[in-house]
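Student: Based on the hints, put chain B in the right spot on chain A.
Here's the letter readout for the chains.
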Amino acid sequence: MTTSRLTSTAFGGLCRNLRLLLKVSEYELRKASVFRTGFLVKELLRGTTRAAVAIFVFRAIFQLRERSTIGPYDFAAIVQYLILAALAQKLCFDRRGIDLADQIFQGRITKYLVMPFSLFVLPLGRFVQFQATQLVAASVLYGALALFLPQWCPVPASLSAALLALTLVLLGSFCYFLMYLVVQTLAFFLDVVWSLLVMAAFITHFMAGVSIPISIMPPALQETFRMTFPYWSVFGAIEVGCGRFSMAEALHGVLVLLCWALATFFLYRFLWRRGVARYTGSGM
Amino acid sequence: MTLPILSCSSVRKVFRSFERSPGWTGLWTSFFRRRYVDAVVLDDLDLRVERGELVGLIGPNGAGKTTLVKCLTGIIPVTGGSAQVFGCDSFELGDENKRRLSLVMGQRSQLWWDLPAIDSFELLSEIYQVPVERFRQKVKAYAERLEVADKLGLQLRQLSLGERMKMEIIGAFLHDPEVVFLDEPTIGLDLVSRDVIRAFLREINDQEGATILLTSHDLEDIENTCRRLLVLDKGRLLFDGDRIELQHQIVDERSVELHLAAEHDGFSEELAREIESFGARLVARTQRSLTFKVPSRSTQALVRRLFEVLEIRDLSIERQPLEQLIKDLFLRIKDRR
Chain A
1 MTTSRLTSTA
11 FGGLCRNLRL
21 LLKVSEYELR
31 KASVFRTGFL
41 VKELLRGTTR
51 AAVAIFVFRA
61 IFQLRERSTI
71 GPYDFAAIVQ
81 YLILAALAQK
91 LCFDRRGIDL
101 ADQIFQGRIT
111 KYLVMPFSLF
121 VLPLGRFVQF
131 QATQLVAASV
141 LYGALALFLP
151 QWCPVPASLS
161 AALLALTLVL
171 LGSFCYFLMY
181 LVVQTLAFFL
191 DVVWSLLVMA
201 AFITHFMAGV
211 SIPISIMPPA
221 LQETFRMTFP
231 YWSVFGAIEV
241 GCGRFSMAEA
251 LHGVLVLLCW
261 ALATFFLYRF
271 LWRRGVARYT
281 GSGM
Chain B
1 MTLPILSCSS
11 VRKVFRSFER
21 SPGWTGLWTS
31 FFRRRYVDAV
41 VLDDLDLRVE
51 RGELVGLIGP
61 NGAGKTTLVK
71 CLTGIIPVTG
81 GSAQVFGCDS
91 FELGDENKRR
101 LSLVMGQRSQ
111 LWWDLPAIDS
121 FELLSEIYQV
131 PVERFRQKVK
141 AYAERLEVAD
151 KLGLQLRQLS
161 LGERMKMEII
171 GAFLHDPEVV
181 FLDEPTIGLD
191 LVSRDVIRAF
201 LREINDQEGA
211 TILLTSHDLE
221 DIENTCRRLL
231 VLDKGRLLFD
241 GDRIELQHQI
251 VDERSVELHL
261 AAEHDGFSEE
271 LAREIESFGA
281 RLVARTQRSL
291 TFKVPSRSTQ
301 ALVRRLFEVL
311 EIRDLSIERQ
321 PLEQLIKDLF
331 LRIKDRR
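Chains A and B are the protein sequences, given in the same order. 1 is the number of the first residue of the first sequence in the numbering used here; add one for each residue after it. 1 is the number of the first residue of the second sequence in the numbering used here; add one for each residue after it.
Chain B with its partners taken away, still in its complex shape:
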């Protein structure tokens, strides 16, 4: 059995914070007597990530995503259990192991604000000891790939948000890290920049085999980039698997939209009942269109039947968006509780 590149075993992280009581009385009492509360941010979390995986970490605000990233990168120690990177305790990583990883924080720049990005890259190459020739090749290739080659000499403060994030990503990959943690890398970016970044991450993962753990609120990031999903809520791992598996676990549905040649041509109450017998339900109806939610196993049979009885001008079948799957997952967990 090979050693996982990242692993968590019963990881628990508790933050202790001072709770201030409300009002004037609270002000005085809490000045002299402090009350502390423990917030469990990660709770008995088990995880194993193999080399070369591209993993998406999602969850609502306060789910513990960033805390998990911080525990795995060794920024903070775990309260209980063990978090390991390259088989070593993440909080005790030496410089040799730190050289093998990288972190991009969407809301915190690692480049210097007043200097051109190329200067910051040079400093990073000094820190990570990247040979000069390799450094030049990498900067050129990545800057061209991310469409910022002509911006390298501009002060970071003069770049747009998207360009800055692309520079951050170049900086993170310059030293050929084996593991890269990206915490909300596309936050606030336009669609074009997001697409470019997503494509870049997929390419790096495919070509260079870097293990990537991507945290994002934008489910499109995860959907378009990651093969494996981790869903975190209140410090617990709710789901670990790929999208298809998630669809199987929730409601494996397709959305079927029909555009009819004539107004509700052939659609009757009897047909509606027949459609229900396929396990489908009508979710939207306009003068010339019908939308159904259909279990994926019956989609083919239903569509065949609809073509027999209706005069269909156009048809579209869509998978359930990841966002909906996640919502369903959270609802199901809530119902269970």
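Okay, chain A solo, but in the shape it has when bound:
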């Protein structure tokens, strides 16, 4: 086969997969919006309660300690941090977003194994739908905050800082997606996937600084977390957006996230292939 034919075949395959991905994403959106209350609660209000609770907790801590600052934050700064963390977390893929483990356990993936496509497209479609929906929801929430509570609304240092922060969050979200995919693929081998998912979500939320800013944690912990994707997808992104991290640090964050994305993707592929080879599907 000539190089040009190889290129056109590969390009054709890519176009087909992209078309399929768009179709899956569109259907995922339709699925998510079938029940309107469910859509409002699960997709739009997702992640907002955690920030509200954390604000009340910090209010109590500030009153109890009779101090005006904790680390570099006064109460107004911590509220703004928690709002940004909630928005960033809202954009990061959720552990409940995919049900691959359930499908593996119940044998529902059996049918896909005889179809001429990569099953990765289905969860990826869900990821694309999730990201699109959450981007819109987060923008609406941010707009509402700026309109009705401008004194609490955090403002990015610059447009480029905001765009860089958004890049970090979206890359981080993809890492979250791949991490949950890896854990769910373990359903081929283990029956404790749901416990692992809850543990993974809890630990990564802590490492991301969703409820407690990482800058008030011990320095050794901060240094360790800097090498992980949750740090850059929430805390790192907020610091970049607010101009407290330099461009060089932001690029370092992008590199860390890319490395994590690649590593988790290959781990997923490895586990998937091993899993499918020993999978018995539904029924005997």
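Certain hints may be false.
Derived Cβ-Cβ restraints for the label pairs, each shown as a range [stated by the list, open to error]: (1) B:Ser9 <-> A:Asp102: 34 to 42 Å; (2) A:Leu159 <-> B:Glu208: 55 to 63 Å; (3) A:Val198 <-> B:Ser30: 23 to 31 Å; (4) B:Ile118 <-> A:Phe56: 43 to 51 Å; (5) B:Gly80 <-> A:Phe266: 27 to 35 Å; (6) A:Ala132 <-> B:Ile118: 21 to 29 Å; (7) B:Arg16 <-> A:Met247: 54 to 62 Å; (8) B:Ile118 <-> A:Trp152: 45 to 53 Å; (9) B:Gln155 <-> A:Arg19: 19 to 27 Å; (10) B:Thr25 <-> A:Arg19: 53 to 61 Å.
Pulled a few chain B residues facing chain A out of the computed Cβ check, cut under 7 Å [unchecked claim]: (11) Thr73; (12) Ile75; (13) Ile76; (14) Asp95; (15) Lys98; (16) Arg99; (17) Leu103; (18) Arg108; (19) Gln110; (20) Asp114; (21) Leu123; (22) Glu126; (23) Ile127.
I should point out that these hints are in silico values taken from the structure, not numbers from a laboratory. Ideal placement from N, C-alpha and C gives every residue a C-beta, glycine not left out.
Tutor: Relative to chain A, chain B alone:
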């Protein structure tokens, strides 16, 4: 010699599973030391299916039917021997070959629960790259044929079991597959839906030449649809042939039921002995009816004789139902063992 569309050569499939010992002691010992047992699900199975055949696969629970389907569709690898589809190892099928086959699992939906069936069909057409015009024609024709044209826009969850299965079948045939595996497609369906599905399968096989392998517990499905039967038990192929052949192999009998004009008019002990000389036996007797089992070769002679000596008001001759044939087959195998 043409290449078979499906073939198995000395196929063996063994599942390894962990065996838990009973009781408290068993709980502790099996926590620290696992004991595994091998279950042979398919054992030295040879099979060849030619293009365009409509084959019924039957057997009791645990016979290995679904496992055979899974080996042939490439869902699981075989432990020994070789399973091939289109001349390729079934577990190594590429996308091009996968596009040529389809699978319907009666107990697992391939359509999306929260969406109308038409949306799932559109996604399937994208996966199988069915041209838009062809897709529309197919959906329209099949939906009309299966009597669900007015249900295409309804959420799958709102459809009855029969309607859902019909949608599954439409989805499976949209891309003109050359081989279709149907695993218990009529499970739990009412008689009308079953008939419609059976007729559809026969039609597709006749008109489009699709090779169909149908697995079912409902022997009527097989009887009314398939020309060739495969009987599987404990992973072994007990029988491979058509129904007539099976009847020859077991006891080739007809069931003859006579309705007499008057109460046992003319029926005597002497006649009963004469009937036995035809190799027939009386299996039921009421005031005005007699039922015999008769070897098919003597049916004609016996009936002629009965008309001579009895005043018969009505007569029915029935073939032995497939279910009975299969039972006889299993009993015969059991006796041999």
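Student: Given a hinted range of 19 to 27 Å, is it respected by the beta-carbon distance of Gln155 of chain B and Arg19 of chain A?
Tutor: 25 Å Cβ-Cβ, so the 19 to 27 Å window holds.
Student: Is the interface hint satisfied for Arg108 of chain B? The criterion is a beta-carbon contact with chain A at less than 7 Å.
Tutor: Hint on Arg108 of chain B: holds, closest Cβ of chain A at ~5 Å, below 7 Å.
Student: Mind checking the CB of Asp95 of chain B against every CB in chain A and telling me if the closest is under 7 Å?
Tutor: holds (4 Å)
Student: Hint says 23 to 31 Å; check whether the CB-CB distance for Val198 of chain A and Ser30 of chain B agrees.
Tutor: At roughly 27 Å between Cβ atoms, Ser30 of chain B and Val198 of chain A fall inside 23 to 31 Å, so the hint holds.
Student: Has the hinted range 27 to 35 Å been met by the Cβ atoms of Gly80 of chain B and Phe266 of chain A?
Tutor: With a Cβ separation near 32 Å, Gly80 of chain B and Phe266 of chain A satisfy 27 to 35 Å, so the hint holds.
Student: Please test the hint of 53 to 61 Å on the beta carbon pair from Thr25 of chain B and Arg19 of chain A.
Tutor: For Thr25 of chain B and Arg19 of chain A the Cβ distance comes to about 59 Å; the hint holds.
Student: For the range 55 to 63 Å, tell me whether the beta carbons of Leu159 of chain A and Glu208 of chain B fit it or not.
Tutor: Holds, at about 60 Å.
Student: Is it true that the C-beta distance of Ser9 of chain B to Asp102 of chain A lies inside 34 to 42 Å, as the hint says?
Tutor: holds (37 Å)
Student: Hint Lys98 of chain B vs chain A: min CB-CB distance below 7 Å?
Tutor: For Lys98 of chain B, the interface hint holds, since the closest Cβ of chain A sits about 4 Å away, which is under 7 Å.
Student: Hint Gln110 of chain B vs chain A: min CB-CB distance below 7 Å?
Tutor: Where the cut-off is 7 Å and the nearest Cβ of chain A is about 4 Å from Gln110 of chain B, the hint holds.
Student: Using the C-beta atoms of Arg16 of chain B and Met247 of chain A, is the stated range 54 to 62 Å upheld?
Tutor: Holds, since Arg16 of chain B and Met247 of chain A (Cβ atoms, about 56 Å apart) stay within the stated range.
Student: Evaluate the given range 45 to 53 Å for the C-beta pair formed by Ile118 of chain B and Trp152 of chain A.
Tutor: Because 47 Å falls inside the window, the suggested range holds.
Hint violations for this structure: none, all hints satisfied.
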